[in-house]
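Student: Below are the chains, spelled out letter by letter.
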Amino acid sequence: MLRIENVTYIYEDKTVALKEVNIDLKKGRKIGIVGSNGSGKSTLFMIFLGLLKPTKGRVIFNEKELKYNSKTLSELRKKAGIVFQDPDKQIFFSNVFDDVAFALRNLKIDENEVQKRVNDAMEKTNITALQNKPVHFLSYGQKKNVSIAGVVAMNPEFLFFDEPTAGLDYRSQENVKNILENLADKEEKTIVVSSHDMNFIYEICDYIYVLNKGHVLSEGKKETIFLNKEILDKAELEEPFLVKAYKYLGKKLYENEKELFKH
Amino acid sequence: MLIIDRFAYTNKYCNSNPYIKASASLALIILSIVNSNIYILCAMIAGIILVTIFGAGIPSKSYAKMIAAPAIYLLISIFTVMFTFGFSKTVQSSDFIYCKQFQFLNLYIGLAESSYKEGLILGLRASSAMVSMYFLILTTPCSQQVKVMKKIKIPTIFIELYVLTYRFIGIFFEEAILIYTAQKIRFGYNGYKNSMSSLAILIKILFTRIMIRFKDMESILEIKHFDGNFYVD
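Chains as they are written, first to last, in numbering that gives the first Met the number 0: chain A, 0 to 262; chain B, 0 to 232.
Calculated from the structure, these hints are not laboratory results. Careful: at least some of the hints might be erroneous.
[Stated by the list, open to error] Just so you have them, the derived chain A footprint on chain B, three or more residues with Cβ under 8 Å:
| no. | segment |
| --- | --- |
| 1 | 105-117 |
| 2 | 131-143 |
| 3 | 219-226 |
Even for Gly, the Cβ is constructed at its ideal location relative to N, Cα and C.
Excised from the complex, chain B in its bound form (with noise of 0.2 Å):
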């Protein structure tokens, strides 16, 4: 099982109302994205995160590897929106003066004054939408989060896809622990060459795997007569 869906059953905000707990996430994220003041972002990110860590006792170490992952990714677009790159010393905009600059070898690096506050505050606007976002898959479990989206008339079918990827990310996540914990004890992961070709063949034996693994729920499916629709309580 995922380490995220562990999280949600074991948080103290487990048995909470999930409408609540979807209706602020949601709160937060349409928050983030409309207020554009630094201030204000970096007082909900804060916040949230202290509310996931102290409030839902998700353990501080876990949720840093959580959010790093986007994170990089994040910071990765950021750079790109705060850094100008340029063959030309000066700029042909004139709203758009470099507050500092750089060279590096023929190329100019520049920072301008208004792309900078830009990169800051759409950083801060996604971190701020990120963390409520995980505060809302970590502290809801899955079956709750089907009662809210069957509440707000959220098609079924959008439903079906988003339990069975669910679940399948999951069952991706098992699969490929387990062939990476058979090699490994088998030493396929010592050296680079051998570390190469184990992980080709795990990648190679997971599709099969998850094709098998995906028949067993289809049959699983089928016996409890499942139609399609997600029925919660």
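One chain only, chain A, in its complex shape (with noise of 0.2 Å):
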């Protein structure tokens, strides 16, 4: 349902950030983007949100050509939410409810559907206790979930998560990877992951896109792409801490790291 083909695309200073990129979204619920720092990733995101119009290359959403008028973007910014890196940034308001509620009540929906969905969307990210609290306040972990919680609030099909465990301590890593867990499992939304973390993702998604220098370098399930270490080394990033215990300490795979240790 949501698509980009041969996607290029040029910054005004003539920098190429995406070179002929192809990504569709149906491969998996839950995608992996990665690559080395500066490979296009946020770009990439941007582009699927409709923020920024490729030079060259179509989105597709609803089997359609994206137009760039506000009807349209606003649809598609309906079934897309985006978490962006820097929390600071995504939030508005300074009251963390009011916050929440943004997106949504911009929409005109019911008030009382409001509360109803910012109250789902607190509990869903942890935040409850945190509703009337003012974000200057907050960790930069509780702003992680915060700017989480009013995209969760929108009920969108796709999530992008833009580096959502950067600069996060262990627990509230712990956090995210349980709130992206659930969205992709229990409420079979679509999740995109950028990162560089390659045992987050690996833990997390289902499906790769391998970044670098702003084209695919390769595409596939989890397994194929960390087990080629050709790839991950071109696209210079490190094999996963349970890929490296299969492959020489002579493990079996696992899927994450409690399998590991139970056995």
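Assemble the dimeric complex from its two separately framed chains, guided by the hints.
Tutor: Structure (structure tokens):
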């Protein structure tokens, strides 16, 4: 339902951010976009959300080429939400509840429904206790949850997460991981996660796109991608810990760390 | 975030009815403008300051600093109202008599009774309106202010401008402080020459950074279906 075809994006200063990129979000429920810094991950997300218009190529939404008028874009953004890397940029109001409700109220949804959806979203992201707090008293991890709640409250089909664990401590990372897994497994949303934390991507995602210098180096199921050291080296990425354990320590290829230590 | 914003969320009146807070402040401001009795004005100023510090629990040190900024402007303006400058010893107009006169080089500086009274009332009036306004913004968070403005049917375009400006002042200070700290830890403000060049760079970078932040904010507002209206319950 949402894909991009042959997308090239060139910034005003002639930097080529993306080159002939094809990505189809139907290929997995939990899609990982991996690549080193500056490989074009963030630009890619901006293209998916219609914030940037591709220099060449097209975005296909609902089997139609995306038109950049406010009506179509509004439709797109009801179906697709994004959590940016820096929560400070994403949070607009200084009060948690008002901020989570911001988009819903802009869509003029009935206030009772807004209350319900905001409470629901806050529960899913574990921030119910913070709802009346001013944003500037929250920790970075808590702010991250608030920015996720703001998107979850919209109940989109596609959720984009740009570096969701960057700068978070261990507990907050686990929390974000749980939120993402619940969204994908229980609520059957499609999540698209960009990161250069290979362990995180390995545990969370099922289908991987490897980006390198603006083009898709490779794509495939996570096992095929992560077992191919050549691709990872070319993209300047690390092998996930569990893959290392499998390859060099002769362990079985486990899905996550817990399973490894259980055996 | 702005320090004013922080107090707005932490003061003891934060959760009180915003309509009462707003109408009380507005009434006080109007009363300051209409009234010209010095004693009443003094009592009002003292009362409002006491309520702000002890009632709302705003730390007196921060409060004094916040008052000091506009107070300096006020003092300068009052000074020019109260004193008259001239080259002759007497003034033409008969009802304008100097009660005190100083000579400075060949300049006569006079303090007439009428202007002295006028200046005093003007100063007190302005101070009283100022502390009332501070009371409002220190006790009422932005979202509550919007609520009140909507209730009294202030045009949406004004509310939009108000909230965006408010948000942007926060962003402006955030960025300025970040740049300033980055410069300071690398000795950018050691000595007069360094300080001047650092300040110039700060201003230059601030403009570009603010533009970037503006674009970010635009994206966020767009993604969140912002249509120029702030809907607060």
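Student: State for each hint whether it applies.
Tutor: We went through each hint and held it up to the structure:
1. 105-117: Answer violated; 0 residues pass the 8 Å Cβ test.
2. 131-143: The restraint on the segment 131-143 of chain B holds, since 3 of its residues have a Cβ under 8 Å from chain A and three suffice.
3. 219-226: holds (count 8)
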